[in-house]
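**Q** From just these sequences and the hints, can you work out the full model?
Chains as they are written, first to last, in this note's numbering: chain A, 1 to 75; chain B, 1001 to 1442.
One or more hints might be untrue.
[Claimed, not checked] Below, computed lysine-lysine pairings styled on DSSO-like, alpha-carbon distance capped at 30 angstroms:
| # | chain 1 | residue 1 | chain 2 | residue 2 |
| --- | --- | --- | --- | --- |
| 1 | B | Lys1365 | A | Lys35 |
| 2 | A | Lys28 | B | Lys1294 |
| 3 | B | Lys1042 | B | Lys1410 |
In short, the hints are calculated from the structure, not lab data. All values reported here derive from a predicted model rather than from experimental measurement.
Listed here are the chains, written in short residue letters.
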Amino acid sequence: MSNASQTSKETKVNPTKAMLSEQELINKQQRRVEKSLTRLQSALASAGLDWTQPTPETAEENESLAFEQYLATFR
Amino acid sequence: MNITLPPTIPALRRELAQGNLDYATVVTHQREQFQRLGKQLKAVTHYLPVDVNHGFDKNSPLSGVGLAHKDIFDLSGRPPGLGRRQNLGDTTTPTSTASAIKALDQAGALNLGTLTMAEDACAATGQTAHLPTALNPLGEHLAVGGSSSGSAVAVAAGMVYGSLGTDTAGSVRIPAMTCGVMGLKTTHGLISNQGVAPLSASLDSVGALARSVQDLSCLFGAVTQDRPVEADTARLRTAFWLDGVSLDDNIRTVVEPILSGFGSASLDLSAHEHRATTLQQIVMISEIGLHHRKRIFSGQACRQVIDLGTVGLAAPEHWLNEALRIRRRCAQAFIEDAFASADVLVLPLQVASLPGTDEVYTGAKNFEPSKLLALHRYCGWLNYLGLPALALPVGVDGQGLPVSIQLVAKPFHEHHLLALGQKMQQDLLGENGIAPVCHIQE
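**A** As structure tokens, then:
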């Protein structure tokens, strides 16, 4: 009996309110993501790295592979 | 079984070899202690069977030595638990054991069990949503750092001689620091990540925790299968970085006299640290997003993975490529600058006194995000640069709680860290390092 009334209570949630909460959550997540990206963008700028556009492909493109090779020179 | 175990692995091996202790007694005692303290401290996720009758093999360097590891490693027939409530079906049952664990098995070590960890190795504390959170043996009110939380607890309490963990942004060094033990993060790529669940593959490093530098050296030697390289500490040049570092006064007063005692040269590494920290964050969040994308969108990922991974997925695509592309240049610039006149750098690790669970566990009444961030303030940049680092307790603060720093060496120069760490341990802590401690009531 108590289980049944509990279930009935749970199904009486106002659907509009539930949807709004979900939207609020999405907005909150979006705000958080945007805030984090802005913070990273500003940290990059203060480190002298301008990454507003991708760097055009150059001979340096293989540098990520070269990181391991560079470390290996200390073995 | 009432015996007192020798304080270090070399001492245990000596006692076994000389016949002062017998193998079956030692193994049974370690197993019982592991089970008893494991329950008390909520540090174990799975107990593994141990063969008491196996016998002592004096040719195996870790024969009779009880270890247990972070629940992130494949074991043949058992997928890692990863601090999750249950296997969500994205891990398959492994047919072989992770190569790092296999190396320890081959060296004769006893693998007593798997240890609790922050879910998916993605947190600076050991707080877990679905499993019991491990208790800090130094005091129940104190937080346990993550993500290798169970490893630090097990080592500090004397449940095991040592434990393997992983470090992506401090996940070996932070728990070591909060439990007052030693933690070694190894050079990027030195120890194979085969059979280790990834968080951020470009940054993950297998590492080890122990109560003494001798024990770390034993584990390190067994996993890398290298003969230990001796380093003459008298010839090791040191440099330190303290100017402009944000340390609370009660930490600075402990650390400064120690550094000046070494007569080290002072460096300013702020610019390197700032740049590498930013790039580490970009690599980490991007790789978390890519690796856990499916779990993030299905809502199965933990809160931290969702929070970090969604930012990573929303970040401009070229950021990850750029961060990896200039990694060599950053590492080279740092090494040429910082190691020009030093072999080992003495760097900040701990910013403030060890925090309470009520300050850094999310949802706690006095939760302060700044105290949580302080736990990993000076960790992640070294993962981006790929360098080895040793977290080392060097004293106590006004409350009698441990204070730790980190030593950093050039790539693949762990022997420099272990040599200087050994000397500092001898001078500051005593020959055997840290004694096991457990202030938690049964």
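**Q** Hints first: check each against the structure and report whether it holds.
**A** Checked hints:
1. B:Lys1365 x A:Lys35: Between Lys1365 of chain B and Lys35 of chain A the Cα gap is close to 25 angstroms, so the pair holds against 30 angstroms.
2. A:Lys28 x B:Lys1294: 21 angstroms, holds
3. B:Lys1042 x B:Lys1410: This hinted pair is violated, its Cα atoms lying about 37 angstroms apart.
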